[in-house]
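Student: Residue-level listing of the chains:
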Amino acid sequence: MNDGSEASTALAPDGSPSRITTGTHVKSFAALIVLTLVSFGASYLHLGVFEMPVALAIAAMKVSVVGLFFMSLFEETSSNRLAAVAGVLFVLMLLTFAVADIVMRGR
Amino acid sequence: MSEGGTKLEAHFESMERQADAARFGMWVFLASEALLFGALFTLYACYREKWPHAFEVGVAKNDALLGTTNTLLLITSSFLVVLGIDRYRRGDALVAARLVASTAAIGLLFLLIKSHEYAMHFSEGIFPGGHGAYFADAPAGSAVFFTLYFTMTGLHAIHVTVGMGVLVYSAIQVRRRRMSLHGLEIAALYWHLVDCIWIFLWPLYYLARGS
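Respectively, the protein sequence lines represent chains A and B. Just so we're aligned, residue 1 is where the first sequence starts under our numbering, counting upward by one. Just so we're aligned, residue 108 is where the second sequence starts under our numbering, counting upward by one.
For the record, the hints were derived by calculation from the structure and aren't laboratory data. Just so it is clear, CB atoms sit at the ideal spot from N, CA and C, and this is done for glycine as well.
So, partial list: chain B residues that the calculated Cβ filter (under 8 Å) puts toward chain A:
#1 130
#2 171
#3 178
#4 306
#5 317
With the C-beta cut set under 10 Å, the calculated list includes, among others, these residues of chain A facing chain B:
#6 29
#7 48
#8 59
#9 81
#10 91
#11 101
Excised from the complex, chain A in its bound form (with noise of 0.2 Å):
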C-alpha cells in the first residue's frame, strides 16, 4: 500500500493535482467501517427515543465523510460546494417543515 504522500505531487494526465492522498482515503474508509459497526451494534441497544436520532447521526456522520474525502468536497470549488449544500438544505428544510406539519396538526 502507498502511503500517499506521493500523491499530492503526482500530477494526473489532464494535470490536476488532489491534495486529498491515498492514505486519507485508506483512513476514511476505515472510519465509513467502523461507524457502521458502530451503528449496526448500536441498533441491539434498545435505545428507546434515542434509536432514530443515534442511527440518523451516524449515518449523517458517514455520509459527510463519503463527501468531503470520497467526493473530495474538502477540495472542491466553491460553486460546486454551494450546489453540494443546497442540496442537502433543501432536503432538510423539506423534512423539516413536512414533519412538522404532520406533528403539530390539531393542535
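Since chain A is already given, all that's left is putting chain B on it; use the hints.
Tutor: This is chain B only, laid out in the frame that chain A set:
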C-alpha cells in the same frame, strides 16, 4: 485539442474550464437527485409518525444482517473507485480499470442480495401495494411501510444499475486511456451518491426496530 479522449468544445476557453463546467453540472444533478430521494424520505418520516408500530414491525421483518452486508459492500465499492482514480492520476490505467470494474462487480453483488431479499418477501406474502397474505394480520400501516420500502429500495436499485453501466463503460475507456481523469471522477461522483442514499436507507429500513 483533446485530452484522454475528451475533445475541447468550441464554447470553452480551455480543457480546465470545460472540466469545471462538467463537474459543476454533475453536482447540480446530484443535488436534484438528493431532492428526489428527499421527497421519499419525507414521506417515510410522515408515515412513520402516523403508524410508528407498523414501521417498527416492518423494520424488524427485514434481515438486518443482509442489509448490513449490503452497506459494507457499497462502502467498499466507493473506496475501490477512489483508489481507481488515485491509480489513474498516477498513470496506471490497467490497475485503475480493474478497480473501477471491481466497483461495478460489487454493485452486481449488492443487487443479487437485494433480489434475494425481495424473493424472501414475496415468499412470505409481502408485495407492493399491500397485496399478499402477510397483510391480513399485519398492523395498520404495514401496507404503506412495505410499499414505501419497495419504492425507495427499488428506485435505489435502478440507480445502482445505472451506476454499474456508467462504471463498466468508464473501466473500458480508462483501460484504453480514452477517458480523462475528470471524466472518471464525475462517473465516480454518481456512484458515491448511490452509496450516500443507501447509507440513510439502511438504518431506516433495517435498524430502527423500536424498543
